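Student: Each chain, written out:
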Amino acid sequence: MTTPELLTIILTTAVTMGTPLLFATLGGVLSERAGVIHLGMEGIMLVSALVTFVVDLQTGSKVLALIGAMMAAGALSGLHGFVCISLRGNQIASGLALALFGTGLSGLFGDALIGSTVTSLNRIPIPGLELIPIFGSAFFNQDWLVYLSYFLVAGLWFMLFHTNWGLQIRSVGEAPIVCDALGLSVAKIRYLCVIFGGMLIGLGGAYFPLVLTSFWVDDLTAGRGWIAVALVIFAFWHPGKALWGAYLFGAAIAFQLQAQVMGLKIPSYILEMFPYLLTIVVLTVVTVRNRRAGQTFMPAALGLPFYRGDKH
Amino acid sequence: MFELERRLETPLSVQVVVTVGSIVLALILGSVLLAVVGVDPIEAYPSVGALMFFDQWGWQDLFLKMTPLLLTGLGVAIAAQLNLWNIGAEGQLYLGAIATTWLALEYSEALDAHFMLPILLIGTFVAGGMWAAIPAGLRSWFGVNEIITTLLLNYVAISLADYLLYGAWRDPSTLNFPMTRSFGESSFLPMIGSTTVHWGLPLGIILAFLTWVLLKSTTIGFQIRVAGDNLSAADYAGFNTKNLLFIVLVLSGAVAALAGMTEVAGVHHRLQQNFSINYGYTGIIVSRLARNHPIGVIGTAFLLAVIFVGGELLQVEYQLPIAVIYLFEGLLLFTVIGSELFLSYRLRRRVAV
Numbered sequence: 001m002t003t004p005e006l007l008t009i010i011l012t013t014a015v016t017m018g019t020p021l022l023f024a025t026l027g028g029v030l031s032e033r034a035g036v037i038h039l040g041m042e043g044i045m046l047v048s049a050l051v052t053f054v055v056d057l058q059t060g061s062k063v064l065a066l067i068g069a070m071m072a073a074g075a076l077s078g079l080h081g082f083v084c085i086s087l088r089g090n091q092i093a094s095g096l097a098l099a100l101f102g103t104g105l106s107g108l109f110g111d112a113l114i115g116s117t118v119t120s121l122n123r124i125p126i127p128g129l130e131l132i133p134i135f136g137s138a139f140f141n142q143d144w145l146v147y148l149s150y151f152l153v154a155g156l157w158f159m160l161f162h163t164n165w166g167l168q169i170r171s172v173g174e175a176p177i178v179c180d181a182l183g184l185s186v187a188k189i190r191y192l193c194v195i196f197g198g199m200l201i202g203l204g205g206a207y208f209p210l211v212l213t214s215f216w217v218d219d220l221t222a223g224r225g226w227i228a229v230a231l232v233i234f235a236f237w238h239p240g241k242a243l244w245g246a247y248l249f250g251a252a253i254a255f256q257l258q259a260q261v262m263g264l265k266i267p268s269y270i271l272e273m274f275p276y277l278l279t280i281v282v283l284t285v286v287t288v289r290n291r292r293a294g295q296t297f298m299p300a301a302l303g304l305p306f307y308r309g310d311k312h
Numbered sequence: 001m002f003e004l005e006r007r008l009e010t011p012l013s014v015q016v017v018v019t020v021g022s023i024v025l026a027l028i029l030g031s032v033l034l035a036v037v038g039v040d041p042i043e044a045y046p047s048v049g050a051l052m053f054f055d056q057w058g059w060q061d062l063f064l065k066m067t068p069l070l071l072t073g074l075g076v077a078i079a080a081q082l083n084l085w086n087i088g089a090e091g092q093l094y095l096g097a098i099a100t101t102w103l104a105l106e107y108s109e110a111l112d113a114h115f116m117l118p119i120l121l122i123g124t125f126v127a128g129g130m131w132a133a134i135p136a137g138l139r140s141w142f143g144v145n146e147i148i149t150t151l152l153l154n155y156v157a158i159s160l161a162d163y164l165l166y167g168a169w170r171d172p173s174t175l176n177f178p179m180t181r182s183f184g185e186s187s188f189l190p191m192i193g194s195t196t197v198h199w200g201l202p203l204g205i206i207l208a209f210l211t212w213v214l215l216k217s218t219t220i221g222f223q224i225r226v227a228g229d230n231l232s233a234a235d236y237a238g239f240n241t242k243n244l245l246f247i248v249l250v251l252s253g254a255v256a257a258l259a260g261m262t263e264v265a266g267v268h269h270r271l272q273q274n275f276s277i278n279y280g281y282t283g284i285i286v287s288r289l290a291r292n293h294p295i296g297v298i299g300t301a302f303l304l305a306v307i308f309v310g311g312e313l314l315q316v317e318y319q320l321p322i323a324v325i326y327l328f329e330g331l332l333l334f335t336v337i338g339s340e341l342f343l344s345y346r347l348r349r350r351v352a353v
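Each protein sequence line maps, in turn, to chains G and C.
Reminder that position 73 of the first sequence reads as 73 in our numbering, one-by-one numbering, no gaps.
Reminder that position 25 of the second sequence reads as 25 in our numbering, one-by-one numbering, no gaps.
In case anyone wonders, no lab produced these hints; they're calculated from the structure.
None of these values were measured; they are calculated from a predicted model.
The C-beta atom is built at its ideal place from N, Cα and C for all residues, glycine as well.
Please note that the accuracy of each hint is not assured.
[As the list claims (entries may be wrong)] Here are some, though not all, of the chain C residues that point toward chain G, as calculated from beta-carbon distances under 7 Å:
id: 1; residue: 122
id: 2; residue: 148
id: 3; residue: 155
id: 4; residue: 156
id: 5; residue: 159
id: 6; residue: 288
All chains should be modelled from the sequences, with the hints used to inform the complete structure.
Tutor: As structure tokens, this is what we get:
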């Protein structure tokens with residue numbers, strides 16, 4: 001195998017493996033920009049993967065399966081929103097509850113499905129672009145969900161930083177008291193961001209049965225939801241940086257898989273640690289750099305419940 | 001319409017009603033989901049309850065399950081004293097089990113039998129502390145978010161255990177199931193009387209009281225309590241808060257690692273794959289439910305043990321997957337966090353002004 005060929009294989013796998021991370025990270029960015037931590041991604045992804053699988057199995061329609069997955073993810077996120085926004089519960093604890101609850105739901109209702117299979121999405125090459133050497137087929141010979149993710153990155157970036165809505169969302173995440181005084185409904189904006197963010201996370205979950213594994217196994221997402229939680233932080237809550245972060249992790253997973261295929265003398269269980277250790281190292285570098293520069297990118301009100309009746 | 005009014009104080013009766021109410025609500029919500037998968041909760045709950053409390057196997061299993069939950073819960077609660085989130089108890093438990101296994105396999109024959117248990121205890125404690133020193137150091141001196149690092153290290157520790165179980169430590173006589181050979185008997189935690197409950201449980205209870213004493217009656221405990229209330233005030237008072245953060249997170253990991261020791265030395269007598277049913281993650285619920293009180297975790301660990309044994313019985317009696325435990329845990333955590341609002345606020349009929 002020549003080096004360009006190897007590079008293309010790793011890049012292609014990086015994009016495929018990175019795409020569910022990207023969807024989930026974008027969802028986390030949207031929710032956290034409005035001030036609500038979304039730690040329950042693993043649970044949401046597992047449930048939406050299950051719903052996708054079931055709907056696909058029953059109807060054979062990938063679009064219906066996706067819609068079902070997004071509705072389930074939106075509903076679970078709404079529950080998280082209810083606990084965090086209306087009941088002002090601790091967002092981290094609620095996220096953990098969601099992760100456990102989702103794992104439980106997918107395990108309980110997915111038990112009967114173990115062993116069934118669905119068909120995977122086809123690759124749709126984009127004429128012209130796919131011929132670019134090395135990068136072309138990695139980025140432009142993929143399934144349509146990958147292309148959707150490109151538009152979502154651009155769309156979310158534009159919405160957050162160049163529209164009035166985006167300004168309101170970011171303000172609610174930075175200074176809810178001020179927003180409240182200006183007549184914005186903090187709760188409404190937060191609910192919308194948590195629910196729509198959850199739907200994006202649901203797309204990430206749906207990607208597993210639709211593209212990555214065509215048969216149902218217990219714990220299908222295998223911890224990827226937690227990597228997405230970390231990705232939100234080192235993407236600095238920015239959709240564009242989420243893209244690079246997700247592909248970096250996709251590449252780490254691709255490297256791990258490729259090393260096994262090529263029979264490198266590294267035990268597979270040691271390779272499995274690699275994406276997680278890399279996350280920790282990158283997170284440390286990023287944190288130290290930010291502190292040196294005296295910058296914080298974290299939304300100032302992230303994790304703090306807001307209740308307009310509270311006087312401080 | 002109703003509105004929320006802040007309570008000036010929270011009477012004990014309200015605390016009891018809210019806590020019991022949230023547990024009951026979780027059971028009701030869970031029963032709905034059980035009904036969906038075809039298990040009649042009106043029949044299942046009493047039969048599971050009877051097997052759990054009135055059967056010798058049942059109550060012994062309750063105490064066995066309570067032990068790791070108490071230790072991981074206590075570990076999480078220690079970190080919570082400084083508002084730190086230790087989500088890495090699962091990995092710390094695995095690392096503790098790895099350390100215990102290494103010591104037991106390596107030194108069982110070389111050392112006098114009487115030294116084995118103290119060595120396992122101290123060795124595991126130190127190993128767990130060293131493992132937790134990674135996120136603790138990163139947090140103290142570089143400001144790296146400990147929630148993410150402790151969480152990611154879980155996967156690293158579990159992979160490390162798998163690596164050893166499929167490699168150097170695998171017992172060649174067990175071809176299908178990856179496990180180490182059994183420890184020598186000097187590395188078994190002794191049982192209490194004629195029961196199957198081992199001494200890990202009293203150990204956990206003693207540690208819970210020691211933690212409480214440490215917090216209440218020592219200088220460092222005082223510093224931790226001040227820093228937990230207000231970190232900048234503690235800085236201003238001249239406490240070395242970076243060291244405090246480090247020590248507390250290291251202690252937290254060391255205690256959680258002991259859960260790994262009690263499981264492998266007390267129950268399985270060997271390291272095997274998937275020996276933990278999310279005991280570490282459940283420790284977070286145990287701590288949260290006790291509002292992070294080191295003695296409170298004794299009670300909440302028992303409560304969570306009820307969910308574990310209940311889940312196991314549902315598994316055996318109704319062929320449900322083990323995930324049913326996670327389902328109930330998630331529900332319980334939801335209702336508990338959701339209900340905390342009513343500890344500090346009460347609903348009041350809105351008065352027209």
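Student: If you take the shortest Cβ to Cβ gap from residue 122 of chain C to chain G, is it below 7 Å?
Tutor: Result: violated, 27 Å to nearest chain G Cβ.
Student: Would the stated hint for residue 155 of chain C survive a check requiring a Cβ distance to chain G of less than 7 Å?
Tutor: 5 Å, holds
Student: Hold the hint about residue 156 of chain C up to the distance rule: shortest CB distance to chain G must be less than 7 Å.
Tutor: 5 Å, holds
Student: How about residue 148 of chain C: closest beta carbon in chain G under 7 Å, or not?
Tutor: Holds - the Cβ of residue 148 of chain C comes within 7 Å of chain G, reaching about 5 Å at its closest.
Student: So, as I understand it, the hint says residue 159 of chain C touches chain G; can you test that by seeing if any CB pair is closer than 7 Å?
Tutor: 4 Å, holds
Student: Restraint: residue 288 of chain C near chain G, CB-CB cut 7 Å. Satisfied or not?
Tutor: 5 Å, holds
Of the numbered hints listed earlier, the single one contradicted by the structure is hint 1.
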